[in-house]
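Novice: Sequential numbering from 1 applies to the sequence shown in UniProt numbering.
Some hints here could point you the wrong way.
What the hints assert, rightly or not - Computed cross-link-like contacts, DSBU-like style, restricted to lysine-lysine with a CA-CA straight-line distance of at most 30 angstroms:
| # | residue 1 | residue 2 |
| --- | --- | --- |
| 1 | 205 | 140 |
| 2 | 220 | 140 |
| 3 | 56 | 220 |
| 4 | 140 | 171 |
| 5 | 123 | 171 |
| 6 | 74 | 140 |
| 7 | 56 | 74 |
These are computed hints drawn from the structure, not numbers from a lab.
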Amino acid sequence: MGPETTKATASESLAFDLLASGNVAGAVAAITSAMQAEPALEHLAQLCKRAYRELKSVPAMTAVAWEAIRFGLKCAEASPDSETAVRLETRVRGIAYNTSANCWPGWGDAVEISPTDIAQGLKFAERNYELVVNLGLGGKEIGGAHWLVGALLLASGQSSAAAPQFLQAEKAFEAAQLPAYTAMAHGYTALAYKILPESRDKGAKSLAATLQTLRAMESKDAHFFADQLVTAERIFSV
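Turn these sequences into a full structure, and let the hints steer you where they fit.
Specialist: Rendered as structure tokens:
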């Protein structure tokens, strides 16, 4: 282990201790002051993960994530070359996506997620979508961006607004020739309709059919999506 690696590990350890004590600014500074922008973003991303997995604190995770996004975009803007800027923006997008996903209670994780956390998650999902568009990404990424916005809208009780996002995700996944992802997005559209009183029966039938389709696919992704849809249905259905 070289001196730079040792220094980075020590900085991340210090940052986690500071975050655990409630000092978000100190935690972020412990990382950003100790290394260059790209490795700093990687360590900030890890700090977000540890806030969720070890501290089980969504507010701590989101606080670090916003600081990481601001730091990353500022560094990208100041970058002397476009390739570095794109790498930084891409990493920022990953932080926005993962943070938003961890604000979604539909996973069924043993982490308390409040309405305020869900509202924050929607903001991260919207930022992720903006970055996907700015980076010119398509296919799986744009489909995932639409799905994520829909998922957070669903969690916030806005099923009628979530359904069009899931439909857009389905179209993007279909265009990218990702059948398991296409069926998954269709399943979430069905779940959104099932939650709405005026389309409950139609949504329930469509969801049941989609679950059968996913389980019939010889794909680990498809089976994971089916199980996740069942969990989401249990959490969000009324």
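Novice: Each hint needs a verdict: does it hold in this structure or not?
Specialist: Hints, one by one, checked against the model:
no., hint, verdict
1, 205 with 140, "holds (27 angstroms)"
2, 220 with 140, "holds (17 angstroms)"
3, 56 with 220, "holds (28 angstroms)"
4, 140 with 171, "holds (10 angstroms)"
5, 123 with 171, "holds (23 angstroms)"
6, 74 with 140, "holds (27 angstroms)"
7, 56 with 74, "holds (28 angstroms)"
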